[in-house]
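There are 2 protein chains.
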Amino acid sequence: MARSAVQNEQMRDERRQAILSSAVRLFATRGLAATKVADIASAVGMAQGLLYHYFRSKEEIFVEIVRQAFDRMNTAARELERLPLTPRQKIERAATTLLRTLEEHEDFAWISVLISTASISDAVPAEATAIIRRERDVPYRVVARLARAGQRDGAFEGGRPDDLALVFWTTVKGLALHRLALGAAYKSPDPRILTRMFFPETRA
Amino acid sequence: MARSAVQNEQMRDERRQAILSSAVRLFATRGLAATKVADIASAVGMAQGLLYHYFRSKEEIFVEIVRQAFDRMNTAARELERLPLTPRQKIERAATTLLRTLEEHEDFAWISVLISTASISDAVPAEATAIIRRERDVPYRVVARLARAGQRDGAFEGGRPDDLALVFWTTVKGLALHRLALGAAYKSPDPRILTRMFFPETRA
DNA sequence: GTCTATATCCAGATAGAC
DNA sequence: GTCTATCTGGATATAGAC
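Listed in order, the protein sequences are those of chains A and B. Heads up: the first sequence begins at -14 in my numbering, then just goes up one per residue. Heads up: the second sequence begins at -14 in my numbering, then just goes up one per residue.
Calculated from the structure, these hints are not laboratory results. What you are looking at is a predicted structure, and each value in this text was computed from that prediction instead of being measured. Where hints are given, some of them may not hold.
Which copy is meant is left open, so a pair is good if it fits within one copy or across any two.
In silico DMTMM-like pairs for lysine to aspartate or glutamate, Cα to Cα no more than 20 Å straight-line [as the list claims (entries may be wrong)]:
| # | residue 1 | residue 2 |
| --- | --- | --- |
| 1 | 172 | 147 |
| 2 | 21 | 175 |
| 3 | 21 | 66 |
| 4 | 21 | 107 |
| 5 | 21 | 44 |
| 6 | 21 | 148 |
| 7 | 172 | 66 |
| 8 | 43 | 148 |
| 9 | 21 | 89 |
| 10 | 172 | 49 |
| 11 | 172 | 89 |
| 12 | 172 | 148 |
Full structure from sequences and hints, please.
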């Protein structure tokens, strides 16, 4: 029956997402190699062997996490760019949203750290490395374009747009690391500390 | 003979340092679990079994790296604090030195990333975790004290000293990640982008 | 779909010759 | 001190019953 086939497909997808969601925090806190398939299975509440009905291997899970993370991040970055706001407003919104998300959703920090470490690891599936190389520049370029546009408008201070984008994103990544080190005790700093890089006249 | 005993001790130390030095970059790029003892041994040019004459286990190597890293970093931070400079000069020197070291010495980035990831990992030797918990706040507190002193002098802008210290160090950590992702192509941004968080009037 | 049991492989650590 | 050979444990992935 077509009906139950569709339902089955949906249930399968949900189960796969549950596995991915459990795997993210394990991969982020232990790394790919130190995370046992048995750990993931037990975190999601299934037998170790069953996991192989949903994914072909531990590495496939890892690749799928990386793929989805870039899908979401880069979509969000492109949508921000298209909003009817001034460059300055877009930068401020990005900083505010990112720091709030970081504080409220630990998942965001896990994924950020997972990608950060995967970016420099050579013990990661080749397909993950390929996705990272292909996608990682998108958010940097968006912020750099905003910085350039803001400087043309005279709204921003100097500094090379690429430098500003670099420091902007590396600070976010660094805060994600810190957020995981501190756990629930973490509080994001005032976003103006970040935007002040772009607008030195900003008062705190 | 006492003479050759001393020499032997020294040679042993040098050999141990060579092992640590090779292990750092492997641990940083692959993580503890994915780094094989055979990899370390071959990087330093010795047989796998011989490595156990210098260290009792792979984990002991890891702990020793963490211990030495904090020794150096925290010593440097405390020495900076004691220099006969104004708070502002100390912040500027720290930013300049860190960004230059990051660019010139890849080792510094390796160690930074190793510590960052170890800080949030629960797949790391308990002794390493203990050292990290005990030592990690030192550099943050030094910068926070400098920020507080600068604000008293009226040299710095507002912002909570703890926030400033947090963003300062997380940016450095974030840049270390970036430096490894980019390899030799990496160029540190202008240090004024960093110090501008403390002194908003700084022009680029 | 789900489980238990197991084949297979691989890496850490040790033993023992030189 | 240095090597080669090996023991041993543990983790991935598969097989096969339910």
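Right, here's what the structure says about each hint:
1. In this homomeric assembly, residue 172 and residue 147 come within 20 Å of each other (Cα to Cα) only across copies, at 11 Å, whereas the closest approach inside a single copy is 28 Å.
2. Taking the closest pair of Cα atoms, residue 21 and residue 175 never come within 20 Å of each other, the shortest separation being 38 Å inside a single copy and 42 Å across copies.
3. Taking the closest pair of Cα atoms, residue 21 and residue 66 never come within 20 Å of each other, the shortest separation being 40 Å inside a single copy and 44 Å across copies.
4. With identical chains, the CA atoms of residue 21 and residue 107 are at most 20 Å apart both within one copy (19 Å) and between copies (13 Å).
5. In this homomeric assembly, residue 21 and residue 44 come within 20 Å of each other (Cα to Cα) both inside a single copy, at 11 Å, and across copies, at 18 Å.
6. Within a single copy, residue 21 and residue 148 get their C-alpha atoms no closer than 39 Å, and across copies no closer than 37 Å, so neither meets the 20 Å cut-off.
7. Taking the shortest alpha-carbon separations for residue 172 and residue 66, neither the intra-copy value of 27 Å nor the inter-copy value of 26 Å comes in at or below 20 Å.
8. In the homo-oligomer, the alpha carbons of residue 43 and residue 148 never lie at most 20 Å apart, since the shortest distance is 37 Å inside one protomer and 39 Å across protomers.
9. When the C-alpha separation of residue 21 and residue 89 is checked against a cutoff of 20 Å, the pair qualifies neither within a copy, at 28 Å, nor between copies, at 37 Å.
10. For a Cα distance limit of 20 Å, the shortest separation of residue 172 from residue 49 qualifies neither inside one copy, at 30 Å, nor across copies, at 32 Å.
11. For the homomeric pair residue 172 and residue 89, the shortest alpha-carbon distance inside one copy (9 Å) is at most 20 Å, but the shortest distance between copies (33 Å) is not.
12. In this assembly of identical chains, residue 172 and residue 148 lie within 20 Å of each other by CA distance solely across copies; the values are 9 Å between and 26 Å within a copy.
In this structure, the hints that do not hold are numbers 2, 3, 6, 7, 8, 9, 10, in rising order.
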